[in-house]
Amino acid sequence: MVKELYALGDQPPLGAVPAKMHAWLIRPERFGTPMEAFQQEVVDIPPIAADEVLVYVMAAGINYNNVWAGLGIPVNVIGARNKAGEKEDFHIGGSDASGIVYQVGKDVTNVQVGDEVVMHCGQYSRNCDWVKSGGDPMYSPTFRIWGYETNWGSFAQFTKVQAQQCMPKPKHMTWEEAAAYTLVAATAWRMLHGWGANAIKKGDVALIWGGAGGLGSMAIQIAKAAGATSIAMVSGEDKFDYCMKLGAKGCINRNDFDHWGMLPHWKDNVGYAKWMKGVRAFGARIWEVLGEKRAPNLVFEHPGETTIPTSIFVCDTGGMVVVCAGTTGYNATVDLRYLWMRQKRLQGSHFANTEQSNQMNALALRGLLDPCLSRAFTYQEIPVAHQLMYENKHPHGNMAVLVGATAFGQGASGPPPVAIPHPTLPQGDIHTTPHPYPMSEPLPSVAQAEAIAISDDGARVKDLMHRGIIACGPDDSVAQVAKLMIDQEIHAVVVMDGGQATGVVSQTDLVLARQGRTPEEARALLAKNVMTPGCATCDADMLLSEAVSLMTGRRMHRLVVTENHQPTGVISMTDVVRKLIGA
Numbered sequence: 009m010v011k012e013l014y015a016l017g018d019q020p021p022l023g024a025v026p027a028k029m030h031a032w033l034i035r036p037e038r039f040g041t042p043m044e045a046f047q048q049e050v051v052d053i054p055p056i057a058a059d060e061v062l063v064y065v066m067a068a069g070i071n072y073n074n075v076w077a078g079l080g081i082p083v084n085v086i087g088a089r090n091k092a093g094e095k096e097d098f099h100i101g102g103s104d105a106s107g108i109v110y111q112v113g114k115d116v117t118n119v120q121v122g123d124e125v126v127m128h129c130g131q132y133s134r135n136c137d138w139v140k141s142g143g144d145p146m147y148s149p150t151f152r153i154w155g156y157e158t159n160w161g162s163f164a165q166f167t168k169v170q171a172q173q174c175m176p177k178p179k180h181m182t183w184e185e186a187a188a189y190t191l192v193a194a195t196a197w198r199m200l201h202g203w204g205a206n207a208i209k210k211g212d213v214a215l216i217w218g219g220a221g222g223l224g225s226m227a228i229q230i231a232k233a234a235g236a237t238s239i240a241m242v243s244g245e246d247k248f249d250y251c252m253k254l255g256a257k258g259c260i261n262r263n264d265f266d267h268w269g270m271l272p273h274w275k276d277n278v279g280y281a282k283w284m285k286g287v288r289a290f291g292a293r294i295w296e297v298l299g300e301k302r303a304p305n306l307v308f309e310h311p312g313e314t315t316i317p318t319s320i321f322v323c324d325t326g327g328m329v330v331v332c333a334g335t336t337g338y339n340a341t342v343d344l345r346y347l348w349m350r351q352k353r354l355q356g357s358h359f360a361n362t363e364q365s366n367q368m369n370a371l372a373l374r375g376l377l378d379p380c381l382s383r384a385f386t387y388q389e390i391p392v393a394h395q396l397m398y399e400n401k402h403p404h405g406n407m408a409v410l411v412g413a414t415a416f417g418q419g420a421s422g423p424p425p426v427a428i429p430h431p432t433l434p435q436g437d438i439h440t441t442p443h444p445y446p447m448s449e450p451l452p453s454v455a456q457a458e459a460i461a462i463s464d465d466g467a468r469v470k471d472l473m474h475r476g477i478i479a480c481g482p483d484d485s486v487a488q489v490a491k492l493m494i495d496q497e498i499h500a501v502v503v504m505d506g507g508q509a510t511g512v513v514s515q516t517d518l519v520l521a522r523q524g525r526t527p528e529e530a531r532a533l534l535a536k537n538v539m540t541p542g543c544a545t546c547d548a549d550m551l552l553s554e555a556v557s558l559m560t561g562r563r564m565h566r567l568v569v570t571e572n573h574q575p576t577g578v579i580s581m582t583d584v585v586r587k588l589i590g591a
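Using this note's numbering, the letters of the sequence shown correspond one by one to residues 9 to 591.
Some clues are possibly wrong.
Stated by the list, open to error - Listed next, the in silico DSS-like pairs over lysine-lysine satisfying Cα-Cα at most 30 Å (straight line): (1) LYS179 / LYS210; (2) LYS282 / LYS587; (3) LYS301 / LYS232; (4) LYS491 / LYS587; (5) LYS209 / LYS301.
Since the hints were derived computationally from the structure, they do not count as laboratory data.
With the hints as extra help, turn the sequences into a complete structure.
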């Protein structure tokens with residue numbers, strides 16, 4: 009007789025589904041750090057649909073997405089699902105798992121009760137018109153990440169998944185090894201193999217950012233299997249051996265360079281020249297690793313904001329920079345000349361579809377993909393594992409936790425098909441970079457028009473603006489403009505031509521005019537040569553908060569204020585600061 013609830017590690021008879029299960033739950037009232045957000049509870053086992061499968065979880069993988077789920081930011085995943093009509097007021101996370109099939113829906117044909125499986129995390133509706141027409145499910149409006157955007161993830165005795173998510177478990181892997189690789193490896197597979205003419209192939213060169221991390225360690229092995237050469241970017245020489253044993257030809261320590269970050273302004277001759285010197289030195293290091301003067305035709309990106317400018321520069325003509333995240337930030341700058349003149353491709357990529365996930369898993373089944381399991385935890389340590397991620401104290405590679413398995417090392421039922429190295433990370437290895445921004449954050453669309461609540465004190469531009477316009481002519485010299493600024497103790501001058509404001513000369517413009525020129529050359533330039541064309545304006549009745557957004561969005565420090573479409577004054581960031589400190 010089937011019991012209502014089985015103790016953790018007490019595996020029910022095959023195919024016997026109890027009424028309840030143990031699980032780690034996140035609830036809105038305890039959103040916070042993982043040690044606060046995750047709590048053990050007993051819940052009802054959910055029913056499955058015709059195309060779904062109930063899997064007894066043996067082990068689960070650890071990913072950043074459930075750190076964000078526990079914090080409740082930037083998205084309250086429980087609230088989002090409740091709004092969509094789901095009734096559960098909790099979240100069971102977990103987007104990677106290995107386990108045993110215990111129940112199948114009536115339409116399921118690819119697995120049966122008793123099968124040992126791993127699961128990819130892509131879910132979508134089979135009734136979606138786009139999917140039914142043969143479109144890539146990744147582009148379906150119904151696509152969701154299981155165990156983050158959807159409920160009933162792998163941090164429980166049983167998980168509910170779609171049948172298409174289930175793939176054969178590699179027999180040579182333990183339960184915890186098999187639970188660790190699918191999300192990152194499938195993501196890396198699509199990045200490297202999913203983009204037509206730029207898909208990786210024999211003879212290619214790939215630059216892999218974060219070579220010792222979960223994504224990068226998979227990318228190195230996938231590139232090797234394709235016959236390509238990879239170069240691993242890492243945070244220290246202590247990771248060189250690890251990456252090279254995985255298959256990288258060589259490694260580069262990013263800390264040997266300091267040109268990272270957003271591009272200098274293209275008018276900044278000195279700043280751009282300094283950046284160019286740094287990025288060329290980086291490119292030369294790539295040549296040194298390869299032993300030939302050759303650029304990578306594929307760059308595997310995920311840091312984003314600090315590295316995209318370099319990635320695009322060093323990428324070969326006609327090559328591709330493919331990015332799946334922005335772990336250092338989302339606002340990346342691009343010198344568009346290198347995109348259009350060298351015809352390079354900047355391609356976004358997100359997880360993988362069913363076909364691609366199975367192609368990746370075929371590599372694992374052949375024994376050609378090491379899961380790079382750096383640390384495994386017990387079921388009781390699920391909050392601890394996420395807390396380490398939250399504090400950025402977790403090791404590189406991939407992590408997993410036991411769920412139904414009663415001890416580490418269980419689950420392997422056959423020898424590896426081939427012998428491959430199983431490198432280990434240095435003792436005590438932890439991340440040294442800031443924890444990433446969310447990778448799977450649901451994005452607003454054009455159709456979503458829900459109002460966003462903004463706190464604003466109601467201050468208007470007219471309350472702080474400086475009235476009066478101090479102007480110069482387009483043919484006035486830089487020396488004249490500079491004297492005007494000094495005499496008037498102002499930061500910018502409006503360029504007026506025939507009664508119309510045609511531009512602004514700021515202190516920044518004057519500094520940039522001096523960069524790379526002698527003082528005499530700079531003073532002789534005309535206002536029209538150095539001004540920022542056009543006048544960034546705001547109306548005197550505009551909310552101050554909106555004016556600040558306008559300035560920050562355009563990376564400027566002041567706006568010309570208009571009344572009845574005529575310039576009447578200036579508002580600057582200095583004025584805003586004075587308001588903030590009450591000066």
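Right, here's what the structure says about each hint:
1. Note on LYS179 and LYS210: the hinted pairing holds, with a Cα-Cα distance of about 28 Å set against a maximum of 30 Å.
2. Between LYS282 and LYS587 the alpha-carbon distance is near 37 Å, which puts this suggested pair outside the 30 Å criterion.
3. About 21 Å separates the Cα atoms of LYS301 and LYS232, which keeps this hinted pair within 30 Å; it holds.
4. Our distance criterion of 30 Å between C-alpha atoms is met by LYS491 and LYS587, whose separation comes to about 28 Å.
5. Distance check on the hinted pair: LYS209 and LYS301 sit about 19 Å apart at the alpha-carbon level, within 30 Å; holds.
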